[in-house]
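Visitor: Model the full structure from these sequences, guided by the hints.
Residue numbers (my numbering), protein chains in the order written: chain X, 239 to 411; chain H, 1374 to 1697; chain U, 12 to 410.
FYI, nobody ran anything at the bench for these hints, they're computed from the structure.
Predicted, not measured: the structure shown is a model, and the values here were computed from it.
Among the hints, a few may not be true.
To be verified - The list that follows gives simulated cross-link-like pairs (lysine to aspartate or glutamate, EDC-like), each with its CA atoms no further than 16 angstroms apart: (1) Lys179/U - Glu223/U; (2) Lys248/X - Asp234/U; (3) Lys1510/H - Glu91/U; (4) Lys319/U - Asp285/U; (5) Lys1510/H - Glu74/U; (6) Lys1408/H - Asp1433/H; (7) Lys1510/H - Glu1527/H; (8) Lys294/X - Asp377/X; (9) Lys1510/H - Asp72/U; (10) Lys1510/H - Asp1449/H; (11) Lys229/U - Glu308/U; (12) Lys370/U - Glu342/U; (13) Lys294/X - Asp373/X; (14) Lys1676/H - Glu1527/H; (15) Lys1676/H - Asp245/X; (16) Lys179/U - Glu281/X; (17) Lys294/X - Glu355/X; (18) Lys380/X - Asp280/X; (19) Lys337/U - Glu95/U; (20) Lys97/U - Asp361/U; (21) Lys43/U - Glu80/U; (22) Lys330/U - Glu347/X; (23) Lys179/U - Asp245/X; (24) Lys226/U - Glu308/U; (25) Lys333/U - Asp325/X; (26) Lys312/X - Glu347/X; (27) Lys323/X - Asp373/X; (28) Lys312/X - Asp335/X; (29) Lys370/U - Glu95/U; (30) Lys1408/H - Glu269/X.
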Amino acid sequence: MLQAIWDNIKGLYSLLVGMSITGRYLLSPVETIHYPRQVVADEIMASFRGPIQLTKGKKDPAQTRCISCQMCVKACPGHCLSVTKGDTKAPAQWLYDFSYCCLCGACVETCPTGALEFSHKVYLVTLTREELILDLLADLQKRAAILPESQPVPTANLAPPTVPDVESIGEPK
Amino acid sequence: MDLSLAIFVQIIAAVLLIIALMVGNAVVMVYMERKVAGFIQRRPGPYEVGPWGTLQAVCDSMKLLAKQLYRPGNVDLILYYLAPITAFFPVLLLFLAIPFGPWLTPLPVNDGIVLILAFAGLGVLSNLLAGWASNNKYSLLGAARAVSQTVAYEIPMILALLAVVLQSGSMDLKRITDQQGQWPWEWNIVLQPLAFFIYLVSLVGETNRAPFDLPEAESELTAGFHTEYSGMGFALFFLSEYANMLLVSFVAAVFFLGGYKGPFADGFWWLFLKAYAVMFFMVWIRWTFPRVRFDQLLNINWKWLLPLGLINLWLTAIIVKIAL
Amino acid sequence: MTGCNLGFINPLSVLENPGTMAGDFYSRNFEKKAVPGRIILNLGPQHPSTHGVLRVLCELDGEYVARCEPVLGYLHRMHEKMGEVKTPWQFLPNLGRIDYLHPLAWNWAFVGAAEKLAGLTVPPRAEWLRLIGCELNRVGSHLLWWGAFVMDLGGFTPILYAFEEREKINDILQIITGSRLTMSNFRFGGVCADGDSRFFRLIQEFIPYLRERLKMYKGLVTDNVILRRRLEGIGPIDVDMCQRYGATGPILRAAGSPRDTRQDYPYGVYDQVDFPIPTGPVNDSFGRYLVRLVEIETSLSIVEQALKAIPEGPIMMEKAPKVTWKLPAGESYMAVEGARGQICVHLVSDGGQTPYRVKLRAPGFSNLSLFAEAAQGTILADAIAILGSLDLVIPEVDR
Chain X
239 MLQAIWDNIK GLYSLLVGMS ITGRYLLSPV ETIHYPRQVV ADEIMASFRG
289 PIQLTKGKKD PAQTRCISCQ MCVKACPGHC LSVTKGDTKA PAQWLYDFSY
339 CCLCGACVET CPTGALEFSH KVYLVTLTRE ELILDLLADL QKRAAILPES
389 QPVPTANLAP PTVPDVESIG EPK
Chain H
1374 MDLSLAIFVQ IIAAVLLIIA LMVGNAVVMV YMERKVAGFI QRRPGPYEVG
1424 PWGTLQAVCD SMKLLAKQLY RPGNVDLILY YLAPITAFFP VLLLFLAIPF
1474 GPWLTPLPVN DGIVLILAFA GLGVLSNLLA GWASNNKYSL LGAARAVSQT
1524 VAYEIPMILA LLAVVLQSGS MDLKRITDQQ GQWPWEWNIV LQPLAFFIYL
1574 VSLVGETNRA PFDLPEAESE LTAGFHTEYS GMGFALFFLS EYANMLLVSF
1624 VAAVFFLGGY KGPFADGFWW LFLKAYAVMF FMVWIRWTFP RVRFDQLLNI
1674 NWKWLLPLGL INLWLTAIIV KIAL
Chain U
12 MTGCNLGFIN PLSVLENPGT MAGDFYSRNF EKKAVPGRII LNLGPQHPST
62 HGVLRVLCEL DGEYVARCEP VLGYLHRMHE KMGEVKTPWQ FLPNLGRIDY
112 LHPLAWNWAF VGAAEKLAGL TVPPRAEWLR LIGCELNRVG SHLLWWGAFV
162 MDLGGFTPIL YAFEEREKIN DILQIITGSR LTMSNFRFGG VCADGDSRFF
212 RLIQEFIPYL RERLKMYKGL VTDNVILRRR LEGIGPIDVD MCQRYGATGP
262 ILRAAGSPRD TRQDYPYGVY DQVDFPIPTG PVNDSFGRYL VRLVEIETSL
312 SIVEQALKAI PEGPIMMEKA PKVTWKLPAG ESYMAVEGAR GQICVHLVSD
362 GGQTPYRVKL RAPGFSNLSL FAEAAQGTIL ADAIAILGSL DLVIPEVDR
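Guide: Laid out in structure tokens, this is it:
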């Protein structure tokens, strides 16, 4: 009986300990990042592997290094790539269906010319599934048009205006 | 009491004000609950609607009002729709006896606590009806739990209040308030700490709040007795739950914390401040502790609170007798 | 009655005969014989405490679980079949999706089996990176289990505290894996990315931070009297029962048997680290709870040793297999210690483009199967507590 009473008193004390812990956190500042107004630091985002993109060419940034060898298309477990060969080695069309992509990196690692890389787009949101079929050549042109030292130009679909330029952190150092 | 026209008008006005109070209380409590939960969990809580999310509760209530009343098949129609109404209406009467200020009692009755306890017992009926009529096994289990829990926790609650009643020699809430002083050390909590503790525990049990939220324990019973209610049906349960919380907090404030009396200036603001402090405590423990098991819940009641309440009542009786 | 005995019910017949045809095939055939006062309760597949789409049919006598039976198959995604139709390389990202809480252990099991079969040697730095990733991942998995378990018991706040730590672990693992949930950085013959200085700095900051937080966990949850009385003495599972059902991992260790694949059959560089195997003081739910919390500390100490021991060097073997790599004919078997128990991969290859058979042994499946026996005769709330203490990940159970 006495033992039970003593146990209950100890139990009540443990409840007080719990309340003091939550009470302390109640008064401490919040931990979360409030998304549209704040974003995750670039440093954290830089290692994130988002949807793939074509790397910029060595001489002309708008020129892809892809030679349409179809290695990536064969390697892809999700069958989400389609590369159409043009008149020359360079591809005429480079479509990438992100809705099927599992971000495994098979394409990036098989590419013999290093024409593919992971982007760091975290804020990729679309309203329809069709918008997830990305035209990587057009994307490359768009990125090449932005000079590295210029101010970030936010793209309408990819990120809200306050997001810092995710391109700038994706460049190989 | 002769029911003259003046009293009739007074009651009507009071009931209207009380409905406004109930709805306003639900709005404030939803906001407080979510903000406190947010800050305890280190996130901002409601943030988008209105400044600091203050209009979030209004938004939610609009949503509940506009929602379709979905009724599952095979329910007991009359009881199913009666249950939320039975939950809501008794609560209106309960506030009539609360002395909000020195001159501000909706219905001055000389045994107000009897009125409150009598009608508070009706709340469990609605849970039972809702659980039975929903034709859902989770609801049924929730209802069974609700009944045995509420019936059990009423007893230590009454015992704790009786100790104060014995001490002050009156069942009139106004007189109990008047016997306490302005300053915290003149309140009944100093004389009756054990009764206050028992009341505090059984108040959580009586209002089915975590950690004693067994009737609606969502990890076991999804949502307990109101699983099958949507829209306003759910909103009425919600409203009456918060109104019940407010009521037991008012009673706690009146019996133990000096009611409308407080330092510097007496008035309803002190009553509200104290009641919301008690409610803040309830919100705080909800977001801190795990839920107790059902047999433990009843064990706490029958094996600890009830004997403690009896001992407390007995001691109070002896001391009152000697002192007189 | 339509006389149909399968899952299909004519909706009109339910309206005409309320109660007689309700439920599907399982729930209508679950009841062995109608006992007055007993009800069949269908916990799941959509139920707040079944962590996904587990379905448990219970025969309740009042609140007591007279009999219960888990019904599986709501999240079956044919991972084993996919292993047979894809090349080993292409099957790799699937491994992270089998158990989304401890993906790197599954990676290791499959990659290890393939490496054993092909006789590949992994560079030492890659082995240590694998170990660090796997252990941090285990910590993350146990943290999430901790929060979800307390949420099953009705405490809502701890899971968000656990997520704070988990996000920090994800930040660290993202550097070497590139993703935050279904990680997959293992390659045949190495790992795909090296840890940079930030990676090691973050780990060194994280370890003391988590040790501080574990003290807070103790005060908030472990010492809490409500939690203790909910768990102590609930659902005892002894070694014999574990052996009958093939339960492994923290459940077996809490039962008192110090079995850990990391020490019994060391793989990678686990033979070079020194760590104790925590065994439970008691074999009930609280013992399983304590064992997992101690395992978090054990994993942290393993990571600390690994940080000291990790050498410089390449992270991929030379001439590492390409995507179209064919496994040589033969079969191999690899067992690793996951957060939930022993993960085994049995790989059979006939030398073709794709493996002949990939058998994945998920610890959660065996652990779940003892639930029916452990929960028999308990109160519904205790059954939920036992279910939580088994630490189930339904995608892994169903595969």
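Visitor: Now tell me if each hint is right for this structure.
Guide: Each hint, compared with the structure:
1. Lys179/U - Glu223/U: Holds - the C-alpha atoms of Glu223/U and Lys179/U are around 14 angstroms apart, at most 16 angstroms.
2. Lys248/X - Asp234/U: holds (10 angstroms)
3. Lys1510/H - Glu91/U: violated (38 angstroms)
4. Lys319/U - Asp285/U: holds (13 angstroms)
5. Lys1510/H - Glu74/U: Measuring from Cα to Cα gives roughly 11 angstroms; hence the hint holds.
6. Lys1408/H - Asp1433/H: holds (15 angstroms)
7. Lys1510/H - Glu1527/H: Answer violated: Lys1510/H to Glu1527/H is near 26 angstroms, above 16 angstroms.
8. Lys294/X - Asp377/X: holds (11 angstroms)
9. Lys1510/H - Asp72/U: Cα-Cα ~12 angstroms, so holds.
10. Lys1510/H - Asp1449/H: Holds, at roughly 14 angstroms.
11. Lys229/U - Glu308/U: Roughly 13 angstroms between the alpha carbons, so the hint for Lys229/U and Glu308/U holds.
12. Lys370/U - Glu342/U: Status holds; Cα separation ~11 angstroms.
13. Lys294/X - Asp373/X: holds (15 angstroms)
14. Lys1676/H - Glu1527/H: With a Cα-Cα distance of about 14 angstroms, the restraint between Lys1676/H and Glu1527/H holds, given a limit of 16 angstroms.
15. Lys1676/H - Asp245/X: Status holds; Cα separation ~14 angstroms.
16. Lys179/U - Glu281/X: holds (13 angstroms)
17. Lys294/X - Glu355/X: The hint holds at about 10 angstroms.
18. Lys380/X - Asp280/X: Cα-Cα ~21 angstroms, so violated.
19. Lys337/U - Glu95/U: Since the Cα atoms of Lys337/U and Glu95/U sit roughly 12 angstroms apart, the hinted pair holds (cutoff 16 angstroms).
20. Lys97/U - Asp361/U: Holds. Lys97/U to Asp361/U sits at ~14 angstroms (cutoff 16 angstroms).
21. Lys43/U - Glu80/U: The given pair, whose Cα atoms are some 12 angstroms apart, holds under the 16 angstroms limit.
22. Lys330/U - Glu347/X: holds (13 angstroms)
23. Lys179/U - Asp245/X: Distance ~37 angstroms between Lys179/U and Asp245/X Cα, so the pair is violated.
24. Lys226/U - Glu308/U: It holds: about 11 angstroms lies between the C-alpha atoms, which stays within 16 angstroms.
25. Lys333/U - Asp325/X: Status violated; Cα separation ~29 angstroms.
26. Lys312/X - Glu347/X: This hinted pair holds, its Cα atoms lying about 12 angstroms apart.
27. Lys323/X - Asp373/X: holds (14 angstroms)
28. Lys312/X - Asp335/X: Holds, at about 15 angstroms.
29. Lys370/U - Glu95/U: holds (10 angstroms)
30. Lys1408/H - Glu269/X: holds (14 angstroms)
Violation of the numbered hints given earlier is confined to hints 3, 7, 18, 23 and 25; the remaining hints are satisfied by the structure.
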